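A.B. asks: Chains as they are written, first to last, in numbering that gives the first Met the number 0: chain A, 0 to 98; chain B, 0 to 178; chain C, 0 to 389; chain D, 0 to 242; chain E, 0 to 160; chain F, 0 to 350.
Hints in this document: simulated from the structure, not taken from any laboratory.
Where hints are given, some of them may not hold.
Unchecked claim - Distance condition first, Cα-Cα at most 20 Å in a straight line; then the derived DMTMM-like pairs of lysine to aspartate or glutamate:
#1 E:K8 - C:D206
#2 C:K268 - D:D48
#3 D:K198 - C:D206
#4 D:K198 - C:D52
#5 F:K141 - C:D52
#6 C:K349 - D:D133
#7 D:K74 - C:D249
#8 E:K34 - C:D231
#9 D:K208 - E:E157
#10 C:K349 - D:E170
#11 F:K330 - C:E216
#12 E:K34 - C:E60
#13 C:K183 - E:D114
#14 D:K208 - E:D114
#15 C:K183 - E:E157
#16 C:K310 - E:D95
#17 E:K23 - C:E158
#18 C:K349 - D:D147
#19 C:K310 - D:E170
#20 C:K72 - D:D56
#21 F:K141 - C:E71
#22 E:K8 - C:E216
#23 C:K349 - D:D99
#24 C:K72 - D:D133
#25 D:K74 - C:D231
In this text the structure is predicted, and so the values were computed from the model without any measurement.
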Amino acid sequence: MLAVNFLLLSAVLFSIGVYGVLARRNAVMVLMSVELVLNAVVLNLVAFAVINGSVDGQIFALFAIAIAAAEVGVGLAMVLLVYRNRRSIALDELSEMRG
Amino acid sequence: MSGLASGTVLVGVDGINVAKNVGFGIIAAVMIFAALCVVTTRNVVHGALWLVVVLGGVAAQYLLAAAEFVAISQVLVYIGAVMVLFLFGIMLTRAKIGADSDLNNRSWALGIPVALLLLGVLGYVIIDGLRDTVVPDRGPTPTVLLSDGYLGPYLVPFLAISFVLLAAAIGAIVIARKD
Amino acid sequence: MTMLSDRQQLSYIAAQAADARLNVELETEGMTLNIGPQHPATHGTLRIIARLDGEQVVWAEPSCGYMHRGYEKLAEVRTYPQVTTLVNRIDWLGSFANEVPFILAAEQLMEVEAPPRAQWIRTILFELSRIANVSLFLGDLGVQMGAITPVFMAFRDREYVLNLIEGATGGRFHPNFDRIGGLKDDLPAGWVDETRQVMRKLRNFCDEIEDLLFGNEIFQSRMRGIGVIPADVARQYGLSGANLRAAGVDWDLRRDQEIALAYDQVDFKVWTHPDGDCFARCWVRLQETREATKIVDQLLDGLPPGPIMAKVPRIIKVPAGEAWVSTENPLGEMGYYVVSQGDLGPFRVKIRSASFNNISVVPWVLRGVYVPDIITILASLYFILGDIDR
Amino acid sequence: MPSRSSSVVVRLSETPDSGETAVAALPGDGLREAIVDTLRAALGEQLIDSHLIPTTDLWVRVHRDAWLRTAEVLKGAGFDYFCFLSAIDWMPSPWGRGEDDPNEPPPERSTELQWGYTGGETRFQLLARLNDVDRHVAVTIKADLPDDDLVVQSWVSVFAGANWHERETAEMFGIDFAGHPDLRNMYLPGDFEGHPLRKDFPLLARMVKPWPGIVDVEQMPTADDDETAPGPSADESTGDTAS
Amino acid sequence: MPKVPGLIKGLGVTFSTLMRTATKGANTVQYPHEKEAPPLRARGVIALREDNCTACMLCARSCPDWCIYIEGHKQLAPPRRAGGKPRQVNHLDRFDIDYALCMYCGICVEVCPFDALFWSPEYEYSEPRIADLLHDKDKLGEWMETVPAAPELEAGAEKRK
Amino acid sequence: MSALLAFEIPYWGQSLLRVLGGIVAVLLPAGTIVYLFLFKMMSFMQSRLGPMEAGPYGSLQLVAEVGKWLQKEDIAPAAADQRIFKMAPIIVLVSTFLLVAVVPFGPQAYFTDFSAGIFYALAVGSVSVIGILVAGWASANKYSLLGGLRAAGQLIAYELPMVLAVVGVVIQAGSMNMQQIVVAQNTGAIFGFEWLGNPFVLSQFVGFLVFMIAVQAELTQPPFDMPIAESELVSGYMTEYSGFRFLMFFIAEFATAGVFALIASVLFLGGWGVPFIWFGWESLSDVAWWMNLAGPAIMLTKMLLLTFLMMWVRFSYPRFREDQLQTFAWKFLIPIALANIILTAILKVVF
């Protein structure tokens with residue numbers, strides 16, 4: 000099995016995620032796109048770990064997963080706060096700094 | 000998973016595992032399709048469910064790469080917790096049933112060239128650099144190795160991550176609290 | 000024993016009110032939840048419209064009338080015996096108790112009094128219908144709280160009481176046994192002994208419910224301190240029965256008014272509870288059921304011999320006048336204001352049913368509670384739809 | 000098992016002290032007369048009439064302008080338990096008991112208003128009852144409302160529980176309560192026309208179905224009926240009588 | 000005395016009920032196979048003794064919801080004693096009770112001055128069609144067979160009429 | 000690989016057998032639980048007999064009920080998100096089938112032998128949350144949505160004490176593999192009494208209690224049945240479901256109860272081992288072949304014992320309130336489970 004397979008897959012996921020982050024207006028959708036990007040990276044980590052035959056990549060993959068969970072928790076809390084105050088989670092409406 | 004990783008499977012001429020490649024291809028195709036749906040769907044909940052498919056596919060890829068523990072963690076954390084959190088957030092922000100017209104921002108079309116450019120660069124680098132590298136067919140990673148890693152050389156990052164998680168949990172509660 | 004202090008009660012109420020106010024001020028877009036008219040928790044067709052913020056009730060209002068049968072109007076075109084069959088159907092779980100105040104009001108206008116034996120049997124049947132009614136409440140309480148078993152036990156043991164009522168009156172649910180001046184018939188042979196046995200079973204049932212439900216820590220944690228109705232609010236809203244006594248108001252019409260029933264012949268305790276919360280209401284009802292079985296036992300022991308019907312004309316015309324008689328029904332104070340103009344039927348009957356007043360406090364008490372507590376509070380206030388809408 | 004911090008356990012075997020006070024002596028006349036006196040002192044001329052059945056009950060009739068004041072005075076005098084509030088339409092029903100022969104013109108009925116205790120002046124009379132829980136005494140309050148101005152002050156500010164009773168009365172009798180926060184219909188649909196408890200509101204159930212008792216025994220069978228009359232008993236009969 | 004937690008006590012109640020049902024049988028009755036006998040006074044269905052009915056309409060008048068339909072006519076009955084004058088009696092043409100309307104209050108049975116109506120504890124007469132619940136006088140007459148004798152009264156009761 | 004039978008069977012045949020076995024292993028306990036406990040035990044606890052007409056003592060009642068559900072119309076509310084609405088019960092049921100895959104029924108009688116078996120079980124057990132959540136959302140019903148949200152909150156909250164309770168077992172057994180846990184219990188010793196074995200229910204009693212309570216909550220059974228609380232939310236996320244989609248939820252509920260009981264008996268009651276007798280086998284490969292036949296029966300017995308406990312509680316208790324449920328999980332169960340882990344770890348190091 001070629002390593003390129005894994006890496007190309009992760010590149011595609013990464014690009015799709017980047018597109019999502021750029022194109023989406025809804026905050027939750029942006030967060031989901033960020034998850035795509037993160038997963039692409041973690042997939043890379045695991046792939047390289049297997050290629051190199053060391054577990055370090057897997058260990059860092061687990062670190063990344065844990066961090067992702069934390070990031071989602073905080074991110075969603077912020078989205079909820081924004082929603083509660085503004086009745087909307089459209090990001091481009093959040094440009095003004097006044098609360 | 001021993002069944003998938005070391006079972007009696009068809010073996011190609013150059014030692015490349017054909018069944019594994021086919022499985023990879025199918026899963027990868029599904030994942031890419033699902034990922035495209037995530038960024039193009041017009042309903043937030045559908046998007047979240049497509050993301051579940053992508054994350055499940057990632058877990059399956061980890062299994063193919065014989066990273067059993069990571070795969071299970073992926074299911075437990077991503078599908079069991081993160082996605083539930085997402086759905087929770089979506090439902091608390093009153094997701095509508097049916098198509099939502101304003102999920103994209105006005106300049107969404109700019110994202111396509113950017114993403115394609117990125118894909119091109121990344122693809123070129125990957126194919127150029129790792130064209131002939133073959134993923135060796137190893138058995139499943141023993142969990143012991145992972146735990147030794149955590150409690151050995153990576154103890155400090157492990158603790159740091161734990162604190163980050165704790166801080167994130169507290170922060171999330173503080174942010175989302177009403178009063 | 001210990002009790003919720005006044006300060007605790009007041010702080011609870013203040014906290015509820017403050018929460019509700021806060022939510023209104025924030026103008027959070029509430030979700031409007033329609034509980035009923037066909038919701039399992041409303042045992043009947045009561046509808047509660049509740050505006051929620053998350054799971055908290057900002058504002059709630061019951062909407063009744065899905066079962067309005069217009070008994071006050073119907074009574075105007077019926078004769079006195081016919082009205083008796085109508086009022087059976089107001090609180091259909093304790094229907095004999097509905098007849099008694101109406102008949103007593105008519106008797107008061109006619110200035111006749113039922114003979115002692117009739118009064119005793121009336122009182123026995125009155126308490127039996129209380130037991131039948133409240134034992135079902137105790138079981139239903141379990142269902143509202145999510146425990147399935149108590150209701151079956153309640154149905155099991157209520158069946159004995161209903162058999163007794165049917166054996167004596169012929170009707171399980173709608174006895175129509177009371178007549179102006181006495182009763183339709185005397186008790187059948189063997190009824191007294193059977194009743195004694197059933198009362199033992201019912202006391203056993205009360206013990207079981209106490210162990211199964213009231214002693215349960217989960218049940219207590221859901222009931223205590225929830226839906227506190229202080230005494231002055233209870234009086235203002237005209238709450239009656241166990242709902243009033245659970246707020247610490249020691250008022251029981253069985254004891255506190257002179258009435259042509261045999262309550263002055265028996266020794267019983269009026270149970271009150273100082274807390275005024277859901278648990279207090281349910282607990283008072285449990286104790287009252289037990290007390291009712293004891294009242295029945297005492298009455299059976301002293302059942303006087305004699306006639307069961309006073310001398311009344313065959314065709315009953317009630318002299319002109321007005322009378323108000325209310326009794327301590329299973330649900331609370333049930334009264335009839337009967338206006339007669341010397342006709343075959345009443346000129347106007349105002350039916351003061353217990354549940355109507357008891358439920359009118361709901362908008363007050365539901366403010367600021369959580370959705371599951373709506374159910375607890377409604378269950379503990381205990382209403383019968385027919386008794387609200389009449 | 001965590002329990003709510005504010006809740007304290009009452010052991011079930013014990014009873015909260017209900018106050019082992021002896022049953023209060025049932026009040027006699029003096030008590031009720033004192034109540035009338037209190038009211039008279041507070042309302043003066045606006046207390047129109049009172050009626051007292053010793054050891055049983057007490058009725059007072061007040062002027063409708065004093066309706067709210069009566070409630071306040073009585074609440075101050077210990078009558079803080081709200082029992083009910085309603086109204087009476089003293090007009091005799093033009094429909095009788097619904098037992099008229101539908102084929103005949105309706106019989107003549109008296110249209111004279113006949114008031115009950117404490118008398119009356121107008122067709123509609125308000126009716127309310129307040130209890131004194133501690134002294135075990137109650138009073139029924141009445142007030143006349145002129146037909147052309149069915150408005151009275153609401154009791155909601157004094158007794159919150161009057162809210163629903165006033166809504167019901169407004170719906171059933173068409174009486175307006177000034178100062179009531181929300182005088183919607185309780186039972187009937189919002190667009191319902193008429194006020195069901197007024198005597199001139201027909202009870203449709205009795206209107207649409209003729210009274211079965213109207214089929215008169217005296218209605219004589221014809222020869223056709225005799226032929227179609229079923230049952231063996233027809234054979235035993237010696238013949239129809241024509242009377 | 001250490002208090003048994005309510006949680007455990009509750010389990011005990013359900014378990015003892017389980018054992019009681021298993022050993023002593025259930026409290027329920029398997030209806031179509033076994034039936035509980037209703038009490039003698041149970042108001043199941045109204046039976047009509049047609050011979051006693053004089054079509055006096057008293058029951059129909061006293062019925063609160065007008066579910067009794069009576070039609071009759073006068074006819075001459077044979078004299079009681081030979082040679083006497085023929086009597087004039089009311090003959091009953093129709094006596095229907097609409098059980099779809101009936102409230103089972105029993106006023107009609109009570110007011111009947113000629114003992115023509117009786118309560119029977121029979122209860123199995125439900126019908127798929129509501130119109131079939133209108134029992135005519137033949138059907139009401141059939142119920143007479145199921146009417147039990149009035150039960151003995153409890154000690155201390157005064158015999159009425 | 001798991002050679003359940005002595006003779007050689009092709010790869011596809013093995014897979015087919017596994018799938019069939021999985022279906023049996025899910026449906027058989029579910030059916031038994033429904034008949035034995037839901038129909039009969041609950042009725043007896045309420046002084047009644049339960050179904051008696053279909054088959055002797057109503058034993059075929061379940062078949063009749065399934066037949067009834069299957070022939071019912073498949074209704075989806077008009078406002079619902081049709082595809083997701085129809086998919087949700089399948090997700091829930093699939094999670095149950097994935098769960099049973101790692102449960103060992105005998106020395107060679109298992110579907111797969113994961114090295115991190117119990118970890119896998121906990122992971123796939125959490126997948127059902129998504130099914131429940133989207134079921135609540137897609138029904139376009141406020142009660143359903145509230146029920147779904149409650150269910151999700153509850154399942155996430157109780158997953159943690161469940162995992163923590165398992166950690167104690169894993170520490171004591173020294174393995175996450177379910178077979179190893181079974182062997183560790185049966186070859187273990189308590190204070191030198193080797194013949195007794197060491198079912199972890201004895202040494203991990205606190206963990207056992209926490210695990211069973213968490214299982215009760217994961218199954219949304221009383222006293223934790225707020226998501227489907229009949230008197231509050233009608234039927235919660237199941238309100239709009241009818242016909243065979245409701246049947247799927249129903250099967251999933253009781254099958255999951257059975258599978259969790261199986262997992263609990265592996266973790267705490269010694270799995271497929273005969274209680275107190277181990278015949279002196281040294282390791283997994285020593286175990287006599289007949290254990291493959293006796294094992295499933297023993298597992299079924301232990302499962303029934305545990306489901307009896309679960310159902311007993313279910314039919315006796317009233318339910319918590321939502322906030323009390325969270326309080327109970329975070330302030331009571333999790334600290335206790337953590338303390339249990341620490342204690343276990345200390346004892347493991349000391350001895």
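A.B. asks: If a hint holds in the structure, say so; if it does not, say that too.
C.D. replies: Status of each hint after checking the structure:
A distance of roughly 11 Å separates the Cα atoms of E:K8 and C:D206; the hinted pair therefore holds under the 20 Å criterion. For the given pair, C:K268 sits about 39 Å from D:D48 by alpha-carbon distance, which is inconsistent with the 20 Å threshold. For a cut-off of 20 Å, the pair hint linking D:K198 to C:D206 is broken: about 51 Å separates their Cα positions. Restraint check: the Cα-Cα separation between D:K198 and C:D52 comes to about 46 Å, which exceeds 20 Å; the hinted pair is violated.
Among the hinted pairs, F:K141 with C:D52 is consistent with the structure: their alpha-carbon atoms are about 13 Å apart, no more than 20 Å. A hinted pair counts as satisfied when its Cα atoms are at most 20 Å apart, and C:K349 with D:D133 does not qualify at roughly 25 Å. A C-alpha spacing of about 18 Å is found between D:K74 and C:D249, which places the hinted pair at or below 20 Å, so the restraint holds. At roughly 52 Å between alpha-carbon atoms, E:K34 and C:D231 are farther apart than 20 Å, so this suggested pair is violated.
With a C-alpha separation of about 42 Å, the suggested pairing of D:K208 with E:E157 is violated against the 20 Å cut-off. For the hint linking C:K349 to D:E170, the alpha-carbon distance of about 15 Å falls within 20 Å, and the restraint holds. The suggested pairing of F:K330 with C:E216 holds, with an alpha-carbon distance near 17 Å, which does not exceed 20 Å. Distance check on the hinted pair: E:K34 and C:E60 sit about 46 Å apart at the alpha-carbon level, beyond 20 Å; violated.
For the hint pairing C:K183 with E:D114, the CA-to-CA distance comes to about 16 Å; that is within 20 Å, so the pair holds. For a cut-off of 20 Å, the pair hint linking D:K208 to E:D114 is broken: about 28 Å separates their Cα positions. With a C-alpha separation of about 13 Å, the suggested pair C:K183 and E:E157 falls inside the 20 Å cut-off, and the hint holds. Using a Cα cut-off of 20 Å, the hinted pair C:K310 and E:D95 is violated, with the two alpha carbons roughly 33 Å apart.
In summary, the hint linking E:K23 to C:E158 is supported, as the alpha carbons are separated by about 18 Å, within the 20 Å threshold. About 24 Å separates the Cα atoms of C:K349 and D:D147, which puts this hinted pair outside 20 Å; it is violated. A threshold of 20 Å between alpha carbons decides the hint, and for C:K310 with D:E170 the separation of about 41 Å lies outside it, so the pair is violated. Using a Cα cut-off of 20 Å, the hinted pair C:K72 and D:D56 is violated, with the two alpha carbons roughly 25 Å apart.
Taking the CA atoms of F:K141 and C:E71, the gap is near 38 Å; set against the 20 Å cutoff, the hint is violated. Among the hinted pairs, E:K8 with C:E216 is consistent with the structure: their alpha-carbon atoms are about 11 Å apart, no more than 20 Å. For a cut-off of 20 Å, the pair hint linking C:K349 to D:D99 is broken: about 25 Å separates their Cα positions. Of the pairs offered as hints, the one joining C:K72 and D:D133 is violated, with about 34 Å between alpha carbons and a cut-off of 20 Å exceeded.
Our distance criterion of 20 Å between C-alpha atoms is met by D:K74 and C:D231, whose separation comes to about 12 Å.
Of the hints listed earlier, those the structure fails to meet are numbers 2, 3, 4, 6, 8, 9, 12, 14, 16, 18, 19, 20, 21, 23 and 24, in rising order.
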